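Q: Chain by chain, the residues:
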Amino acid sequence: MSLKRNFFAGVDVGSLAAKSVILEDGEIFATGLVPSGVDSVESGLKALNLALETGGLKQEDLTYIVGTGYGRVSAPYANKAVTEITCHAKGANYLHPSVRTIIDMGGQDCKAIRIDQDGAVVDFAMNDKCAAGTGRFLEVMAGVFKVQLEELGALSLSATELVPMSSTCTVFAESETISLVARGEKPENILNGIHHAIANRISGLFARVGITSDVFFSGGVAKNSGMKHAIEQALKVSIVKPEIDPQLIGALGAAVLARSFSKKEGLWS
Amino acid sequence: MAKREQYEYPSELREEFEATDDIHFRDGSRATAADIWHFMTEVAPKKYPFAYTQKKYAGGRLSRDIHLPSAIKHNYLLLTMNDRINKSRENGAPVIFVQGGQSVDPYYAAGGIALRPASVGIWARGRHEGLGLNEEVVRSHKQKEKANHAISFEVCQSAGYEHIQEGDLPVDMVAPYTCLRCSDISYGVEAHRHGPNKAVKLMNIDYPMRHQADKPWAVTYFAQNLRRLTSEIAKRAGREVTDEDLSKEIKLHNEGRRLAIDTAELWWSADVPPTNSVDRRALYQMGGMEVHGDPSASLTVLRESNAYIRDRVKRGIKADGVIDKPIRLFVCGSCVSPNAFRIEEAGAIIVGQDNHWSDISTLVKEEGDPYQNLAHAILSYPYEQSVEGRAAWTVEQLKKSRADGVLFLYKWGCNTQSAIARMLCDTVKREIAIPTMIIEDHEGGSEQSEQMLNRVNAFIEMLG
Numbered sequence: 001m002s003l004k005r006n007f008f009a010g011v012d013v014g015s016l017a018a019k020s021v022i023l024e025d026g027e028i029f030a031t032g033l034v035p036s037g038v039d040s041v042e043s044g045l046k047a048l049n050l051a052l053e054t055g056g057l058k059q060e061d062l063t064y065i066v067g068t069g070y071g072r073v074s075a076p077y078a079n080k081a082v083t084e085i086t087c088h089a090k091g092a093n094y095l096h097p098s099v100r101t102i103i104d105m106g107g108q109d110c111k112a113i114r115i116d117q118d119g120a121v122v123d124f125a126m127n128d129k130c131a132a133g134t135g136r137f138l139e140v141m142a143g144v145f146k147v148q149l150e151e152l153g154a155l156s157l158s159a160t161e162l163v164p165m166s167s168t169c170t171v172f173a174e175s176e177t178i179s180l181v182a183r184g185e186k187p188e189n190i191l192n193g194i195h196h197a198i199a200n201r202i203s204g205l206f207a208r209v210g211i212t213s214d215v216f217f218s219g220g221v222a223k224n225s226g227m228k229h230a231i232e233q234a235l236k237v238s239i240v241k242p243e244i245d246p247q248l249i250g251a252l253g254a255a256v257l258a259r260s261f262s263k264k265e266g267l268w269s
Numbered sequence: 001m002a003k004r005e006q007y008e009y010p011s012e013l014r015e016e017f018e019a020t021d022d023i024h025f026r027d028g029s030r031a032t033a034a035d036i037w038h039f040m041t042e043v044a045p046k047k048y049p050f051a052y053t054q055k056k057y058a059g060g061r062l063s064r065d066i067h068l069p070s071a072i073k074h075n076y077l078l079l080t081m082n083d084r085i086n087k088s089r090e091n092g093a094p095v096i097f098v099q100g101g102q103s104v105d106p107y108y109a110a111g112g113i114a115l116r117p118a119s120v121g122i123w124a125r126g127r128h129e130g131l132g133l134n135e136e137v138v139r140s141h142k143q144k145e146k147a148n149h150a151i152s153f154e155v156c157q158s159a160g161y162e163h164i165q166e167g168d169l170p171v172d173m174v175a176p177y178t179c180l181r182c183s184d185i186s187y188g189v190e191a192h193r194h195g196p197n198k199a200v201k202l203m204n205i206d207y208p209m210r211h212q213a214d215k216p217w218a219v220t221y222f223a224q225n226l227r228r229l230t231s232e233i234a235k236r237a238g239r240e241v242t243d244e245d246l247s248k249e250i251k252l253h254n255e256g257r258r259l260a261i262d263t264a265e266l267w268w269s270a271d272v273p274p275t276n277s278v279d280r281r282a283l284y285q286m287g288g289m290e291v292h293g294d295p296s297a298s299l300t301v302l303r304e305s306n307a308y309i310r311d312r313v314k315r316g317i318k319a320d321g322v323i324d325k326p327i328r329l330f331v332c333g334s335c336v337s338p339n340a341f342r343i344e345e346a347g348a349i350i351v352g353q354d355n356h357w358s359d360i361s362t363l364v365k366e367e368g369d370p371y372q373n374l375a376h377a378i379l380s381y382p383y384e385q386s387v388e389g390r391a392a393w394t395v396e397q398l399k400k401s402r403a404d405g406v407l408f409l410y411k412w413g414c415n416t417q418s419a420i421a422r423m424l425c426d427t428v429k430r431e432i433a434i435p436t437m438i439i440e441d442h443e444g445g446s447e448q449s450e451q452m453l454n455r456v457n458a459f460i461e462m463l464g
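In the order they appear, the protein sequences are chains A and B. Going by the working numbering, the letters in the first sequence line up with residues 1 to 269, in that order. Going by the working numbering, the letters in the second sequence line up with residues 1 to 464, in that order.
Extracted from the complex, chain A is given alone in its bound form (with noise of 0.2 angstroms):
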């Protein structure tokens, strides 16, 4: 007799990027990553069916489906949806579980999260309604250097020095940037700047909600070296390295509480 194999799905679709993750019991079985598009139902289904054809699977193959993200509310296929601040600190818990502060920042917006040994979330802030630290504030900084969004983090790496930055504003430090070329500052520089700043405020979330290692850096931009560094730096802290991509861990969580939830919901013991 062979026994039945349970899978359950995460999908996380959110203001960039809409991702999925499947789970065959507690192991990671196959994972989807496509740029969200205007209809954000489609775009959690692209990102479920890539998860499930490189796994081989069928829709129907899935004992449980957790939306979250902004996308979440728009998720016909989902059994449930959570909030990404949830679903964050599950998937960070599921990698680590030593974890205990989380700084995720996304397409847009930036949050630092406490939780606790069981992945719970003990207190959380996010920016508020500003675009700085975010996917978006560095895709037109990339723009104004017309590089690609993943050059951003050697290029600043390899800055002799600091520009300083007076504006953490999309749209004003776009205008600043340009006004700091004109002067003759080296892109890598303005970058180095760049990033400090914005690393500087995003530790002031942390001014509430606190540090406690180990730290976990999730999201898109956590694949920025640059801003890994920058945030180090202004946080004192090491943060320890993602297994997998970090703009995964979202609907990482996301598949752990379809787990748990379907498990509760008695589908399967």
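None of these hints come from the bench; they were simulated from the model. Keep in mind it's a predicted model, so treat the numbers as computed, not measured. Where is the CB? At the ideal position from N, CA and C, for every residue including glycine. Hints are supplied without guarantee of correctness; some may be wrong.
[What the hints assert, rightly or not] To give a feel for the contact side, a few chain B residues facing chain A, derived at Cβ under 7 angstroms:
#1 Glu16
#2 Asp262
#3 Glu265
#4 Asn454
#5 Asn457
#6 Ala458
#7 Met462
[Claimed, not checked] With a cut-off of at most 25 angstroms between alpha-carbon atoms, the simulated DSS-like pairs for lysine-lysine come out as follows:
#8 Lys399/B to Lys429/B
#9 Lys80/A to Lys4/A
#10 Lys235/B to Lys201/B
#11 Lys56/B to Lys80/A
#12 Lys365/B to Lys80/A
#13 Lys263/A to Lys325/B
#14 Lys55/B to Lys80/A
#15 Lys56/B to Lys264/A
#16 Lys235/B to Lys251/B
The hints should help you fit chain B onto chain A, whose structure is shown.
A: For chain B alone, kept in the frame of chain A given last:
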């Protein structure tokens, strides 16, 4: 708005509703339950389609707890505000623009009608018929943007002043208790003082701040301000005002306050929520006797509702659509209400709000000089004390309401609440270890963005 998108009260409810009490108005007239049913099912859906929206994100939807008469009657009184205020003005009652969080006993004692900024907004809204939700929001935003320019920066309760300056709302006086908790009222008062429309009299009822209730000079000073106020209103109403008039009014308003306190305590004592968040808020607000622009009407609905809540609590009846054991949120701060429908969908319920509860839960002594008594009560409002004093009172309310968490909300540009929020939340955490969350609201209109809802939902998940 297409008919299918509008909420409709179930017709099978009609008989049950029509057996409920009439509403008695201050001028001696009344509305029977049949009149109210007809207005809410036949007239208002065409006159004010925005109120019947079924949009999932709209925070101002009608309560669906249809067996609670006040759920329908409260909305009836809001939707008839324009007609009723116009009628009262025609009968000689001056309308006075006041501010949030203050009592209104002296205004009515002198023959006037006191309207807070939110009520002025409801009155203004009622003058535009046939608007769907989006059209109504666009109208309201336009007025607010004009007001922001007139006042010179973004404040929250600004639109009322703009209506007065433009003369499209026939307000007779601007006379708030100034220096109360709201910085924006003071800016608005200054904008009105310097605005081109000088026809509407400005009278500041000067409120001495911070620990003044125990200082005899401060009580006497404020009592003198109240005498100036009633004298001026009475002059405009073409009548005399006596101490006896104020004493009678205080007794009437005290009945409302007592009923609101009793209703809140019943609600808090219940094992399962006897109303939803929207109806709970409406019920306690009625105790302030201002919300409908007619204290007698508010009192009628509150008396009837109190009996319903008592019965529901006694019999363990839960409000329609509410879950058994929701997360209990207490909301602090002024001028922002979270979307209660979405909060309930997320598994929580709002068990209290400090805004207005401060003045509603402050009873006025009934024996002795009514001006001195009223002044003393007003200077005792817990919300207007030092942050430490307000926090201590808030902690008491949190204990009574058995709150699981505190949401402190305030408007962008609110200098007072933004300064208080962190200190108050820190005190709450220190004293009773309840999680708190502060959100600055940048939005207007009837729908809250996903940004706001996301934060609130995450907070509820954290408490769960």
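Q: All hints, please: hold or fail.
A: Each hint tested on the structure:
no., hint, verdict
1, Glu16, "35 angstroms, violated"
2, Asp262, "36 angstroms, violated"
3, Glu265, "31 angstroms, violated"
4, Asn454, "6 angstroms, holds"
5, Asn457, "5 angstroms, holds"
6, Ala458, "4 angstroms, holds"
7, Met462, "4 angstroms, holds"
8, Lys399/B to Lys429/B, "13 angstroms, holds"
9, Lys80/A to Lys4/A, "23 angstroms, holds"
10, Lys235/B to Lys201/B, "13 angstroms, holds"
11, Lys56/B to Lys80/A, "17 angstroms, holds"
12, Lys365/B to Lys80/A, "53 angstroms, violated"
13, Lys263/A to Lys325/B, "22 angstroms, holds"
14, Lys55/B to Lys80/A, "21 angstroms, holds"
15, Lys56/B to Lys264/A, "29 angstroms, violated"
16, Lys235/B to Lys251/B, "23 angstroms, holds"
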